[in-house]
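Trainee: As a plain string of letters, each chain reads:
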Amino acid sequence: MNSRRRGPGEINAGSMADIAFLLLVFFLVTTTMDTDGGILRNLSPWIDDAQPPEIHERNVLVVKINMHGDMLVEGQESDLQQLFEATQSFMTNAEGNANHPYHRQINRTLCEERIARYQQALTNDPSDRHSKRLLNQWKYRLQTVDLIGAYSTVNDTAVISIQNDRGTRYSYFIGVQNAISASITELRDELCQKHFGISYHALDPRDPEEALMLNAAKQVYPLRISEAEPFQTQVVNQ
Amino acid sequence: MARFKSKRPRRGVAISTASLPDIIFMLLFFFMVSTVMRESELLVQVEQPEADETVKLENRSLVDYIYVGAPIDRSKGSNPRIQLNDHFGTVQEVQNFIDLKRKNRPENQRDKAITALKVDARAEMGIVSDIKQELRKVNALKICYSTLDGAVLAETWR
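Residue numbers (the working numbering), protein chains in the order written: chain A, 1313 to 1550; chain B, -10 to 147.
Only chain A is shown next, with the shape it has when bound in the complex (with noise of 0.2 angstroms):
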């Protein structure tokens, strides 16, 4: 019998192609290269028959969006453009304009006394949320003196109201969300470039002391936006 010897046996390779197709169309029909992202915010707690805050005019920039997409910001006419300006203005008040909110400057002693009050508050009922959320709140205002020095910011009752029709769109929504966010943002990344030297873009969170600096931004210029719901103003903070 004359068997022709191959050599060490050859694996024939075409079925191993075979297989890594089926496990390649596999894949492309199960996965999307989606990345996602978006505008992040915090929603406020909801609270059953809460009263409304009664808030002073001029702590609330008034955002109005009709379903048609024509703006109002305080009652006049606006664009985007505008709404950025005016929210800058508004967190800022560099003129002392009585239609503002007024700032309040924030230094050592005030944190240190503040802490110590709510720190009390705490020991005497450990369960109280409010006064828990109060204390976080003046230790990073702390860390933030211990930064940049005392710093003055908006009062803490001060919001950007956004009220629309139940039929204006979703996309003038976001256009109004987004150029609030941009126009904090810019506030931030002024501050930091003038503090630190470094771009608010580039700070990492998870790096220790670029989050100081983040959270020294974020308490200098705060984010916080009321979404008017029927029957209820609620705020929802970033």
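Worth double-checking, as some hints may not be accurate.
Unchecked claim - If we take Cβ atoms under 8 angstroms as the criterion, some of the chain A residues that face chain B in the derived model are: (1) G1326; (2) L1335; (3) T1343; (4) R1353; (5) S1356; (6) N1476; (7) S1483; (8) N1490; (9) A1494; (10) T1497.
The hints are simulated quantities; they were obtained by calculation from the structure and are not laboratory data.
The beta-carbon is built from N, C-alpha and C at its ideal position, and this holds for glycine as well.
Using the hints, position chain B against chain A.
Mentor: For chain B alone, coordinates are given in the frame of chain A:
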């Protein structure tokens, strides 16, 4: 004189196919690495609006998706509908949906969960506001308005 071998008609040269699976495996690894498992089949048309103040959601296991848009299948109507998981839902079902997702998560990750609202740019705010109210009621306070990357201020928004 040397004798030349008569040239037989040569058969075509056989291409070695040993490297073919290697190429396919490379493509396969590329897809395995650069993609994520699709969440669910979209039953509604969602054309996300553009924004530039966006943050990337890195950990997909912490994200619950709510889709809002007109159904792809025209016979189901042209009004925007909510899609939860892989079927249509109503505003009232949002609370149950979030509770269910929450139960399937380990304890320590429950506060870090984000609800991503993937809403069609042409949808109206009424339905979105209703969803947000329901999310507030179940204490799902971290939300993300899903958008595509794009400059908004530079263009008019109409």
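Trainee: Each hint needs a verdict: does it hold in this structure or not?
Mentor: Results of checking the hints against the structure:
1. G1326: For G1326(A), the interface hint holds, since the closest Cβ of chain B sits about 6 angstroms away, which is under 8 angstroms.
2. L1335: Holds: closest Cβ of chain B sits about 6 angstroms from L1335(A), inside 8 angstroms.
3. T1343: holds, 4 angstroms
4. R1353: Holds - the Cβ of R1353(A) comes within 8 angstroms of chain B, reaching about 6 angstroms at its closest.
5. S1356: With a closest approach of 7 angstroms, the S1356(A) hint holds.
6. N1476: Holds: closest Cβ of chain B sits about 5 angstroms from N1476(A), inside 8 angstroms.
7. S1483: holds, 4 angstroms
8. N1490: holds, 4 angstroms
9. A1494: holds, 5 angstroms
10. T1497: holds, 6 angstroms
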